[in-house]
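J.: Chains as they are written, first to last, in numbering that gives the first Met the number 0: chain A, 0 to 296; chain B, 0 to 214.
It is worth saying that the hints were derived from the structure and are not from the lab.
Don't take each hint at face value.
Selected chain B positions facing chain A (Cβ under 10 Å, derived; list incomplete) [to be verified]: (1) Val98; (2) Arg178; (3) Asp180; (4) Gly206; (5) Ala209.
Ideal placement from N, C-alpha and C gives every residue a C-beta, glycine not left out.
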Amino acid sequence: MTVETNDRRNVVGLGILSEINSRLIKRLVAFTAVAIFVTGCASKPNSTLQDEANASTDDQWAQTEGSTAVDEGDNDPIETVNRFIFAFNDAADTIIFRPVAEGYRFLVPSPIRDSVRNFIRNTYTPVILANDLLQGDIEKAENTFARFLINTIAGAGGLADVASQTGLEYHSEDFGQTMGTWGVPEGPYLVLPILGPSNVRDGVGLIGDALLDPLTYVAKTEVLIGRKVTDGIDKRSRNIETVDELKRDSVDFYARVRSLYHQKRVNEINDGEAEPTLAPGLTDIFPEDDDQVSYAE
Amino acid sequence: MKRFTSFIKNIAALLAGAAFCLAAFNGPANADDDAGQYLKALQKKAITQLSNEDVSEEEREKQFRALLNKNFDVEGIARFVIGKYWRKAEDDHRKEFIVIFEDVMVQRFLPTFSQYAGSDFRVTKVVPKKSFFIVFSTVKAENGEPAQILWRVEKKDGSSDYIITDIAAEGISLRSTYRSDYTSALKSLGGDLSELNTKLREKIQSGDFAPKENS
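Working from the sequences, and respecting the hints, build out all of it.
T.: Have a look at this one:
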């Protein structure tokens, strides 16, 4: 009797696995096609821009996001639409997310909040690992894999971040960053409903991450949404003051966020190095030629 | 014997070459060190002045202002952050903006610098660029994570002193951030610098730029 059920289970298990495989492969193929298409689209107009920039400056890092781009609106051709969605998100944040995040922070003690975050981070391990590997960063891939083993076993299924105490710090990677390290330009700035600031590359990256995540194929939709919402509330609860300050401090909050998003992404893609050594087309934090533009009178 | 002398000659030439290379490579390296040393010295000065408990708030602000004006290119940064609108602005408004921008910097960074003045400050490396140096540093507050701060340091025209032209914390550059904000605001104000001045002055008065104590 028991043998029979075991067999049946195995068969069912294998069936699911093979189905996942074929679905995964199909989706990955489709996704790669989309990524290549977008990459092609995004890099084409930029390459002419780069040629022009090349003619005027000999510094290869200062060209893509030269001061001209900054002055002309930070690569934001659909600014009106973006501002509208931004205003919507801001309103939704004021009415829903900020109060919920504040309530969450007030009601749930800090150690439990940390456990929630650790658990969610642990479930994203395959995505991070896949991106580490796609970026060719073996060291980080090892770190991610070791963290997963340690935290899943010794950290009670990922609730405790034991690994970081042994020096294996958490790091996040996503497919937008991966494409960035491949030299894919970020493309126009986008504000996504609810999800917030993004750009064409990182928007595609979100789809990529979903496809790279095994849970996408095995977990129920409710679980996936629940994880996303919890993750969002946790993140929001950790930057309530920062966002408040930013709002007060800036004259044009939208423009401030757009600039910060861009700079943060460049920094993440460079892994904190000011001088990108691998991918061309990334910005220097301190471009060489910007004085000339701003001081020209 | 002839062979021996030529051998000696070769060695001598080699040594001379090596010495020349050393000298050539040491030259710029020293200049880099200078930029790093300059920042370290500045930090020491800042500690002694800003973390002095006996000094009144007013006096501290005065000292910070002096440090700021001597070591930061306030005017250059002010010009940079309004981009192309600088050219169109009237002279009076420009002057006013520089004064206001200094106030913004003081309100925004005096608390931060006072807080970090006594923390562990390390210069990790100095990278020379064509017209400036990037000084890499890490700052670690007493119970915080170490943060990477980059300083864009230039040599002052016609002197051996240095001046800071930008700061970037964790990849976020001060100049770029303010530039994006202010040029965008100016665009919606029809490029009128005097209106931005009024707005900024109001914000300074209500203390909007000051970071909250416990964040």
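J.: Now look at each hint and say whether the structure bears it out.
T.: Each hint tested on the structure:
| no. | hint | result |
| --- | --- | --- |
| 1 | Val98 | violated, 17 Å |
| 2 | Arg178 | holds, 6 Å |
| 3 | Asp180 | holds, 4 Å |
| 4 | Gly206 | holds, 9 Å |
| 5 | Ala209 | holds, 9 Å |
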